[in-house]
Amino acid sequence: MPQLIARVNSYVTPIQKLVHKLLGKIGKVHPQALIYPLTVCTYSQSTSRKKSAQLLLNQMRAHSAVLVEQALLVSHELIRVAILWNELWHEALEEASRLFFGEKDVEGMIKTLKPLHAMMDKAETLSEVGFQQAFGRDLQEALEWCKKFKESGKESDMNQAWDLYYYVFRRISKQLHHMIKLELQYVSPKLMDAYHLDLAVPGTYRLDSRLGGVTPVVQIAQSARQLKVITSKQRPRKLKMFGLDGNEYQFLLKGHEDLRQDERVMQLFGLVNTMLRNDPETSTRDLTIKRYSVIPLSSNAGLIGWVDNCDTLHALIKDYRESRNVLLNIEHRLMLQMATDYDNLALMQKIEVFEYALENTTGQDLYKVLWLKSRNSEVWLDRRTNYTRSLATMSMVGYILGLGDRHPSNLMLEKLTGKIVHIDFGDCFEVAMHRDKFPEKIPFRLTRMLINAMEVCGIEGTFRSTCESVMRVLRDNKDSVMAMLEAFVHDPLINWRLLETTPVTNGNHHGGNHGNAHHHHHHQAQNQAKMMQDMNHQDGGAMDDSHNKHPSRSIRERELKKNLKNESDDEENDIAPNTLNKRALNVIHRISNKLNGRDFDVELMMERGGEDGGDDIRVLDVPDQVQRLIEQATSNANLCQCYVGWCAFW
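Quick note, the numbering used here runs 28 ahead of the 1-based positions in the sequence shown.
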């Protein structure tokens, strides 16, 4: 479905007509399956895509008018709750300060803030009215100073505006630090008043071939009156919905992130699970990947099905160390003791410092966590086996997908089963290996803590045999895997991620160069820039300092979208399509090589003195391919080059 909707505005007229006809028929038979993905298009910046979505929604209104209106209402209100006005302004002021102080781009700064100023007169909820009353006057005055600056060009006028913007920013920051829950009546009274809807609970509508149709539709009874705000940089909300079947459904409501690629990855996992279940060898070992619902609401917000009884590896290690009065970042501190400018060292020096940290710490934390959380040795053995198998399965699938940024907060451990669950699929197709700063050198995460938590033989046991079995299944079914991944790569709604973003002037989102970039300007503006830098750094410090050395997913997405204008019509963007096609072909070729055992062609040729010995010589069998991947993943020379927040020393 998402792949079809991505092509509703195809410039090939016959294809567009065929897609519209197909979606029109689906809308009649399965309106619940079409309505959520279709509403996403109504928020597109592409005029043609939005127009196509409206045409399809008008067709659906002829037979499902109530459902369409309810879906638009729920989607709009969830987006409103996902990113409140204070968060919108906080993010926009951060970006505007970077543009003005860092890049001296006045027009870009004004363009960033203009839609938010226009929004101030459209308050609908008590939350928005409260924001308007608290900050409306200061923001309006700042806008007037910006207008004066455009007329006069006087630097003092812009300095006056930034005095006010910074004052507002600082007050908003304090608000956000104390935001731990949201009352629905305050942030979205319309959603609170939405009872007994025809609309299905997000992510519950399923086709079931065994039943000859669909599973019973679970409609929304109501939403919980309170949302918990998760303490992290992006402040996602824990949302509860009640179905008419009497059950409670929990979601993570995320703003500031585009979840459409995560949705596609879940489709891939579904295909892989089917392959693993149908294979005689793997079907007996429960090697399926844990999946969850992903429902994009717009290009900047979405719902993720809540995975019960899970903790991130970061949280588990943090709790374990705090209970024993061990510093969370002890390895990083040891590295800094030996070399304060670690990032600027040569490779051999980095290896020496990295290994010094490993030698002076045990790396047994996760092993101890698994043992201590099991009530007896039998449960421990079962969980350890599940842990090892699930880690191996996702290592191979993640390698084929080119999944990166596997830091400890993106891996979760199921408390009851011991299985590893992966989250956050923003970096696929090896984009993390091609970024400018801290490119990844490893194919998947296989650090010492993960190895220590396996059985006594480490990787030489269940892990290796599972890796070989899963890789064999993937290679045996390479045509199916390639067909799905090619559709991902050419999907116009997600393939913009394949391109590299222009590096941010300050290197990351902390605004490190604000003061220097504006050095020759007025002293007052210098002070404001420094204060803005300090505030950005303070806000980013919600997590421990090991997670603040690399821009977050939302920052990277925002930079890519801004530079590439990915959702604009093709006539507005002449460069990106050609660049995308070239990159897409490279990605497809790389995936094909992985599935054919040719992913180490260059290394094999070098081993043979640079001679191309033909197809038979260059193709690796499964055990050799797995061995080379494990060697890459465990190499200290590769691990020491990761950014510090990746926690390679764990």
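Careful, some of the hints might be misleading.
Said to hold, decoys possible - Label-pair restraints from in silico Cβ distances:
{"#": "1", "residue 1": "C485", "residue 2": "H206", "range": "24 to 32 Å"}
{"#": "2", "residue 1": "G489", "residue 2": "Q203", "range": "49 to 57 Å"}
{"#": "3", "residue 1": "R618", "residue 2": "C485", "range": "31 to 39 Å"}
{"#": "4", "residue 1": "D149", "residue 2": "K53", "range": "28 to 36 Å"}
Unchecked claim - Derived lysine to any residue pairs resembling SDA-like cross-links, with alpha carbons at most 20 Å apart:
{"#": "5", "residue 1": "K175", "residue 2": "V157"}
{"#": "6", "residue 1": "K266", "residue 2": "H104"}
{"#": "7", "residue 1": "K45", "residue 2": "V57"}
{"#": "8", "residue 1": "K132", "residue 2": "S184"}
{"#": "9", "residue 1": "K256", "residue 2": "E276"}
{"#": "10", "residue 1": "K178", "residue 2": "Q161"}
{"#": "11", "residue 1": "K346", "residue 2": "L386"}
{"#": "12", "residue 1": "K150", "residue 2": "K132"}
{"#": "13", "residue 1": "K443", "residue 2": "T243"}
{"#": "14", "residue 1": "K142", "residue 2": "L116"}
{"#": "15", "residue 1": "K175", "residue 2": "D191"}
{"#": "16", "residue 1": "K176", "residue 2": "H145"}
No lab work stands behind these hints, which were simulated from the structure alone.
Think of the CB as a built atom: it goes at the ideal place given N, C-alpha and C, for glycine as much as any other residue.
Going through the hints against the structure:
no.	hint	result
1	C485 - H206: 24 to 32 Å	violated (50 Å)
2	G489 - Q203: 49 to 57 Å	holds (52 Å)
3	R618 - C485: 31 to 39 Å	holds (32 Å)
4	D149 - K53: 28 to 36 Å	violated (43 Å)
5	K175 - V157	violated (25 Å)
6	K266 - H104	holds (17 Å)
7	K45 - V57	holds (19 Å)
8	K132 - S184	holds (15 Å)
9	K256 - E276	holds (15 Å)
10	K178 - Q161	violated (27 Å)
11	K346 - L386	holds (18 Å)
12	K150 - K132	violated (31 Å)
13	K443 - T243	violated (29 Å)
14	K142 - L116	holds (12 Å)
15	K175 - D191	holds (15 Å)
16	K176 - H145	holds (16 Å)
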